[in-house]
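Colleague: Residue numbers (our numbering), protein chains in the order written: chain A, 100 to 536; chain B, 99 to 391.
Source of the hints: derived by calculation from the structure; they are not laboratory data.
Do not rely on the hints blindly, as some may be mistaken.
What the hints assert, rightly or not - Just so you have them, the derived chain B footprint on chain A, three or more residues with Cβ under 8 Å:
(1) 164 to 174
(2) 186 to 198
(3) 264 to 275
Unchecked claim - Examples of chain A residues lying across from chain B (beta carbon under 7 Å, computed):
(4) Asn137
(5) Ile140
(6) Arg177
(7) Ala178
(8) Asn219
(9) Pro223
(10) Lys252
(11) Asp253
(12) Tyr347
(13) Thr534
Said to hold, decoys possible - A few chain A positions that, by computed beta-carbon distances, are all more than 12 Å from chain B:
(14) Thr231
(15) Asp319
(16) Ala387
(17) Gly413
(18) Arg485
(19) Val493
Virtual Cβ for every residue (Gly too), placed ideally from N, Cα, C.
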Amino acid sequence: MAIRQFGVATALTVALGLATPAHAVTEIQWWHAMTGGNNDIVNRLAEEFNASQPDYKVVPSYKGSYPDTMNAGIAAFRAGNAPHIMQVFEVGTATMMSATGAIKPVYQLMKDAGEPFDPNAYLPTITGYYSTSKGEMLSFPFNSSSMVMWINKDELKKAGVAEIPKTWPEVFDAARKLKAAGHDTCGFSNAWASWAHIEQFSAWHNLPIGSKANGLDGFDTELKFNSPIHVKHLQNLVDLQKDKTYSYGGRGSANEARFASGECAIFLTSSGYYATAKSTAKFDFTSALMPYYPDAPGAPQNSIIGGASLWVMGGKKPEEYKGVAKFFAFLSDTGRQAKLHQESGYLPITKAAYEKTKADGFYAKNPIPETPLKGLTNKPPTENSRGLRFGNMVQMRDLWAEEIEAALDGKKTAKEALDAAVARGNAMLRTFEKTAK
Amino acid sequence: MEKSTVFNNRLLPYLLLFPQLVVIIVFFYWPASQAVWQSFLREDAFGLVSEFVGFENYQALFAQPEYYRSMLTTAIFSSLVATLSLSIALLFATQADKNLKAAGAYKTLMIWPYAVAPAVAGVLWFFMFQPSLGMLARPLRGMGVDWNPLLNSTHAMILVVMASVWKQISYNFLFFLAGLQSIPRSVIEAGAIDGAGPMRRFWTIVFPLLSPTTFFLLVVNVVYVFFDTFGIIDAVTGGGPAGSTTTMVYKVYADGRLGGDLGGSAAQSVVLMVIVIALTAIQFRYVERKVQY
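Looking at chain A on its own, in the form it has when it is part of the complex:
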């Protein structure tokens, strides 16, 4: 039995060996966390690249959620077989940056490979997130998004809400009307609790999340998001949660389905939800800018990005790096970027792609993909709205959400919860500072 199997295996190997072209193809492993429609896009990109040239073959592998993918990559690095390209969500940026030696900075990669690369071609609001203070691009932005407010226009009309709400008080009013009109389990909701109510909320109101420009200027940053406006906002959510005018949606994106099902007619989540909304929502919907408090000075400021970038792992062969560089050049192509943006709702990463989409008149017909761009470029960014970079951010987000949950469940007051989130977060930042030295 065993011998026969061995025989079959040998025959197969020989057959495959004969079928392979004469010259060797360099394989490039790409680990990612894209599901659904976006997973298809990843596979299609790889296929197109592989078909476009004979020397390199990009092999995408789905590795689970964003944290799963990152952990799989880190574990693989420790075991000595990291992938070439790893998709890391924006909150993992500080961890990746501090791992000098484990990563190959993108600007270095492009220079070594001699690929045409102009950092100024990319949208600064996006690349700023993934660059050093000197402007050297460390990772390659892939799917960038921002937070927007999704609106079920049909239900708003039914509830008698004529205008799409712009401010938080208007959202609360609209939610009350929706509730009165039969949405008794959910007036409004959101995905990504910490991202919505702490990170985006702070930037949008020009309030610091932490000192040192939200950590962009150094790891010795301290959290600051327990200001009176933050407390007031959380207190409002707590009050509205009591009668389901606000319905908490959890830490991740699982609750997005409540928008498509029609249960929640106002829903804050990523602009990258577009592809899914298009295929699942059976009503007239649109996206709008995030709401703000009109009495907060300077609000609305500008939103910050989310999503993920591609990191190149260290210790690979020059030949393989050349392939990675070619792949990145391929991804930066204007036509391809414009198409990606229009299909997925993720942001175009180059200025040219944004201009092309505008020039093609795309936004006039489809305003939804432009909403996040309007939010990002609403005003020139300040220290509080350039972005954020905190170590241990993956776990810190959970910690912040924990405290938000404690307040919403009535275990703590809004002030106590935010104070605790800041204090516990600071303790984590100090631990990270010690290891990142």
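Place chain B on chain A using the hints.
Modeller: Same frame as chain A, now just chain B:
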């Protein structure tokens, strides 16, 4: 009275033990010693920098109020899961042990859930009780229960306990059934002839004779709730809301994998290991006395 065998060759007993010892050393003592060593280090996630810090990880751990809370959560969670999964399984086993039509089918159905991976079991329960979409959460809400495991910590705890119990019942059922079938019918019949009712027969004859099985299952179940349930918790609640379902083993996972704090996470595993060793020792020292082999 235990049997003892006398070996003439001094080397032979060791040689016979050797394979077993190798397995234990490679798969238990080696990783355990690694965890102990790692708990004295501070490392970054990638393992690029590593520094000996003595007991600093332990000090940081015991300074966290959340850690004591996770201990309390673990105590509540494990006693609930162990008690429920043992008693429900025993009830099912005694019922399946009766002379039934299609007993084989019942037994098979009872054993099935054991083949489900913890994470899959978790996802299953998560979807059934997802507040707005779950097929069991909707009727609950329809009955006026404000079911919301996303925010209500009691609801979240009920959910992870149910999922963990459901997963473990099959295993316990299997052992209880085997235990019940090995009890000689004659003893029970003698009891019946002497006029003992079914309840009395169960508590004075069956339950004591079943005690070796019960004891074994108690030890196994405690180990299960302490170590194997994190997949379920991860899939169902992610330790939330507000940390109310973060048990000690889930915190080890969260701090080590999500937080990249390997030293702190290793320190927690060492503490957890000490607790489980202590618990098992107590069980063998005090509970085993009551066992009638």
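Colleague: If a hint holds in the structure, say so; if it doesn't, say that too.
Modeller: Okay, the hints, checked on the actual structure:
1. 164 to 174: holds (count 3)
2. 186 to 198: Held - the segment 186 to 198 of chain A has 3 residues with a Cβ nearer than 8 Å to chain B, which meets the minimum of three.
3. 264 to 275: Violated: only 0 residues of the segment 264 to 275 of chain A have a Cβ under 8 Å from chain B.
4. Asn137: Hint violated; Asn137/A Cβ to chain B Cβ min 21 Å, cut 7 Å.
5. Ile140: Violated - the Cβ of Ile140/A stays beyond 7 Å from chain B, reaching only about 25 Å at its closest.
6. Arg177: Holds - the Cβ of Arg177/A comes within 7 Å of chain B, reaching about 5 Å at its closest.
7. Ala178: violated, 10 Å
8. Asn219: With a closest approach of 31 Å, the Asn219/A hint is violated.
9. Pro223: Violated: closest Cβ of chain B sits about 29 Å from Pro223/A, beyond 7 Å.
10. Lys252: violated, 21 Å
11. Asp253: violated, 19 Å
12. Tyr347: holds, 5 Å
13. Thr534: holds, 4 Å
14. Thr231: holds, 18 Å
15. Asp319: The claim stands: Asp319/A keeps its Cβ more than 12 Å from every Cβ of chain B (closest is about 17 Å).
16. Ala387: holds, 23 Å
17. Gly413: violated, 10 Å
18. Arg485: holds, 25 Å
19. Val493: violated, 5 Å
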